[in-house]
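Using the sequences and the hints, build the whole thing.
In the order they appear, the protein sequences are chains A and B.
Just so we're aligned, residue 1 is where the first sequence starts under the working numbering, counting upward by one.
Just so we're aligned, residue 1 is where the second sequence starts under the working numbering, counting upward by one.
If you are wondering where the hints come from, they were derived from the structure by calculation, not from laboratory data.
Don't take every hint at face value.
[What the hints assert, rightly or not] Have a look at the derived ranges for each label pair, beta carbon to beta carbon:
#1 B/G45 with A/D67: 17 to 25 angstroms
#2 A/P82 with B/H101: 38 to 46 angstroms
#3 B/T90 with A/V33: 26 to 34 angstroms
#4 A/D91 with B/E16: 25 to 33 angstroms
#5 A/A68 with B/H101: 21 to 29 angstroms
#6 B/E16 with A/R75: 33 to 41 angstroms
#7 A/G40 with B/E16: 37 to 45 angstroms
#8 B/G44 with A/D63: 19 to 27 angstroms
#9 B/A27 with A/D62: 30 to 38 angstroms
#10 B/A3 with A/G41: 41 to 49 angstroms
#11 B/G44 with A/R48: 37 to 45 angstroms
#12 B/T90 with A/T34: 32 to 40 angstroms
#13 A/Q39 with B/D2: 36 to 44 angstroms
[Stated by the list, open to error] If you want a taste of the chain B side facing chain A, the calculated C-beta under 8 angstroms gives, among others:
#14 R43
#15 G44
#16 F66
#17 V70
#18 V71
#19 G104
Think of the CB as a built atom: it goes at the ideal place given N, C-alpha and C, for glycine as much as any other residue.
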Amino acid sequence: MKLLRAIVRPDRDREVVRALEDAGVFALTKVPVTGRGRQGGAESGSLRYQELAKLMLLVVVDDDQVDAAVSAITRAAYTGYPGDGRVFVSDVARAVRIRTGETQASPREGGLAR
Amino acid sequence: MDADELCEVYLVVRPEERRAVERALDAQLPPVVTSFHALGRGRGGGLRHEGATGWWPFGRARAGEFLPKVVFYLAVPARLVDDVVDAVTTALRGECGAVDHGLGAVFVLPAEREIPVHPVRASVVAGAAS
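Written as structure tokens, this is what we have:
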């Protein structure tokens, strides 16, 4: 199980969500954030924006869905201009569905539980 | 996972259950937590109710709609993770009768380390957590 933290342009929201749906990934959490990348923000004329509006997607997927999900996000979020965002992939030790108590653990933690 | 290994914990819950989660966390941990508003949906692909329900009183909602959520983010030693998860899930399932969808999820990730910005504050927290 992996957690994908994808920082994308907020205006690519619908495209990214649709691409994830096409990849079979429906569960996700969206967080509006502000951020900047290597360019340190953006310049428009004499104005300099230190940080820009971004959307952070938190997506937990099974290991065999990681490549498809990352590919869906990167494809849908792509514009080719600086500021398209990043995707970070982390291991998830455990995931608990609160309603049922059903727990999924990584193999390191002993696999499925409860 | 070692008992002292640090874990990141994400709790994704309904906004109206913020207080229940805070109470559950307060009973287990020092009050060190970060929370933020978010929109979310589960593996079912979002809200599919047509019409008001007990917890969604606003009438029609489109299928696939994202709903407001609150995400709690905290870093705790592995030995405390079970207690935190149990306290939160028990509190929420108790309040809602464990029947509704959309109660949320808990994700636990191994964290490499936590570097406190304020060392005095951090030592207080570490002492209370142990």
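Hints the structure fails to honour
17
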